[in-house]
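Asker: Here's the letter readout for the chains.
Number of protein chains: 2
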Amino acid sequence: MSAASHFADRLGEAVCRRGNPVLVGLDPRWDCLPLSFRQRHGTPSHMEIAAAYRAFCEGVIDVVAPLVPCVKPQAAFFEDSGPEGMRALAYVIAYARQRGLLVILDGKRNDIGSTAAAYASAYLGADSPWGADALTVSPYLGDDSLSPFVSVAQERGAGVFVLVKTSNPGGGLFQDLDVGGLTLYRRVAAFVEQLAGSTLGTCGYGAVGAVAGATYPAQLSELRAAMPHTWFLVPGVGAQGATARDVAGAFDPAGLGAVVNSSRGIIFAHSRKEFKDRFSDRDWQRAVEAATHQLIEELRGETPAGRLHAAS
Amino acid sequence: MSAASHFADRLGEAVCRRGNPVLVGLDPRWDCLPLSFRQRHGTPSHMEIAAAYRAFCEGVIDVVAPLVPCVKPQAAFFEDSGPEGMRALAYVIAYARQRGLLVILDGKRNDIGSTAAAYASAYLGADSPWGADALTVSPYLGDDSLSPFVSVAQERGAGVFVLVKTSNPGGGLFQDLDVGGLTLYRRVAAFVEQLAGSTLGTCGYGAVGAVAGATYPAQLSELRAAMPHTWFLVPGVGAQGATARDVAGAFDPAGLGAVVNSSRGIIFAHSRKEFKDRFSDRDWQRAVEAATHQLIEELRGETPAGRLHAAS
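Here the protein sequences line up with chains A and B, keeping their order.
If you're matching positions, the first sequence starts at 744 in my numbering and goes up one per residue.
If you're matching positions, the second sequence starts at 744 in my numbering and goes up one per residue.
Chain A with its partners taken away, still in its complex shape:
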């Protein structure tokens, strides 16, 4: 296997190649789609919704593939359209990879050992029918629930992102509990960093990453210091209220170590006030392009990711 087959290295290379760390979230929501995808009478069937999601995500990918290193389809929205939605999800993953994007599937899966192995095989394995590059997973079930994902990731050059500090307001209910002087999320972080350290690529980061929300900037910096070998997937910028400046602490001094997710702020940019006046609903792809450039520039201006650009 070449060095580049390690997920952390592939991610680092993709980020350097594009000169930015933007992770575009593919979260199709029927009510937010440009009107051209919704022109029909009456309530759409699951099949119609799934077809619209597929076409819409294809259109987003066409715009962002030359601009960003990676995309993150959100499984929930595809699952909401049933088996047809899942077929659309498989198509979207394959299409994005074909267009040269790394695909981090946001499924937040997990289960006990042998069932976790089935999830790992499903999404990251050699015969995976989905073929994602990485998967988000939940830590509550403990170490033996995470190890099947880590094994498959190592075998296959795939990645795993474990929830550590999530971006939602209620995330703290359990994550912020004090456990012997440290918060629970710091305990999870320590375990994830250990997994990252045991799965290092040549770039110094491991195949196991962490989800850490942009909506908690101080904690992001704290986690960056505590997790020097861990790639961060940072959600929360845009619709959830965090800014580019809020994610500055997630990066290492070279501008690596974090990918910054924006979903609605990019894919539904056509309905954002600032773009609505510039682009008609029909020009939704130009709005996606403008919003992507905007986030790239903000991250370059406000975070160490600016150094990627200078180097690229």
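Be aware that one or more of the hints could be misleading.
Since the list gives no way to pick one copy over another, a pair counts as held whenever it fits inside one copy or between any two copies.
[Said to hold, decoys possible] Below are the SDA-like pairs computed for lysine to any residue, each with C-alpha atoms no more than 25 Å apart in a straight line:
#1 K1016 - V922
#2 K1016 - E1040
#3 K1016 - D919
#4 K1016 - S857
#5 K1019 - A1033
#6 K1019 - S857
#7 K1016 - C775
#8 K1019 - A991
#9 K1019 - T986
#10 K1016 - Q782
#11 K1016 - G856
#12 K1019 - R967
#13 K1019 - H1036
Because the hints were derived from the structure by calculation, they are not lab data.
Based on these hints, arrange chain B on the given structure of chain A.
Answerer: Same frame as chain A, now just chain B:
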């Protein structure tokens, strides 16, 4: 809405009607299927695997539908066969419900608020393309990630089972951490009990239940005392090593309040030593029937669930 449209009431009625609390897990694994489902040359395609899972689960349902109140399809194994597997999952859920079984889908889903709402809509909503009666969910993301499931469950007479104390050996890594004198799982339990208390049916139990593993019998009893309004989904009997006696503490004095899951021990009974001699591979359904009766009898003999039988 009639009283029976509340999930906790529907579950209680189904348990009383059958006189036992057995929850048969539908966890199809290719290598464990009876040979008749695997007769082909070379490596099976995802489509062939999905078709075998569908036919096998249909065969299991035909046997157990007259015997037990509910089944629990494990999403992971269906996801491992891709979109075709998901189509099989949708079929299996519909078939089980058509045969009068309650269906608890084991997906351990969750995400932040608006994405959690998509999962809730997907699996439990009015237009759900899957149509499960209940779903297992993970608590790590906190209160605002659980509330969309609770809302949909209340609107739709559906149920939610939140992971509290899982059955795997590594579950304690985070769940057993001491949080101000209580374990983390007890903190999660307190929150779940509060949700259960706010979603009560006429039976005295709520629409929000808890997953609590049979492999930790002392903790099961402790949780039963701490969670008087919470239905328990108890995995871990059989292949994971727990016995009927281990789950005695999960029940209330009337024999209600818990459903006891066995997956491999029932559906792959044809390869269990004790049944292998009595039934040929071709008679796998008779092995399923015998294993189901065996667990029913053990639970009647060793737990308060015996009182259901006397009453039914």
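Asker: Each hint should be assessed against the structure and marked as holding or not.
Answerer: Hints and how they fare:
Within a single copy, K1016 and V922 get their C-alpha atoms no closer than 44 Å, and across copies no closer than 45 Å, so neither meets the 25 Å cut-off. Taking the shortest alpha-carbon separations for K1016 and E1040, only the intra-copy value of 19 Å comes in at or below 25 Å, while the best inter-copy value is 65 Å. Proximity of K1016 to D919 under the C-alpha cut-off of 25 Å is found in neither arrangement, the shortest distances being 35 Å within a copy and 48 Å between copies. For the identical chains of this complex, K1016 and S857 are inter-copy neighbours only, at 21 Å across copies versus 48 Å inside a copy, given an alpha-carbon limit of 25 Å.
In this assembly of identical chains, K1019 and A1033 lie within 25 Å of each other by CA distance solely inside one copy; the values are 11 Å within and 65 Å between copies. Taking the shortest alpha-carbon separations for K1019 and S857, only the inter-copy value of 23 Å comes in at or below 25 Å, while the best intra-copy value is 49 Å. Proximity of K1016 to C775 under the C-alpha cut-off of 25 Å is restricted to the intra-copy arrangement: shortest distance 14 Å within a copy versus 56 Å between copies. For the homomeric pair K1019 and A991, neither the shortest alpha-carbon distance inside one copy (29 Å) nor that between copies (62 Å) is at most 25 Å.
In the homo-oligomer, the alpha carbons of K1019 and T986 lie at most 25 Å apart inside one protomer (20 Å), although the nearest pairing across protomers, at 63 Å, exceeds that limit. Taking the closest pair of Cα atoms, K1016 and Q782 come within 25 Å of each other only inside a single copy of the chain (23 Å); across copies the shortest separation is 60 Å, beyond that limit. In this homomeric assembly, K1016 and G856 come within 25 Å of each other (Cα to Cα) only across copies, at 23 Å, whereas the closest approach inside a single copy is 47 Å. With identical chains, the CA atoms of K1019 and R967 are never at most 25 Å apart, being 37 Å at best within one copy and 55 Å at best between copies.
Taking the shortest Cα distances, K1019 and H1036 sit within 25 Å of each other inside one copy (16 Å), while across copies they are farther apart (64 Å).
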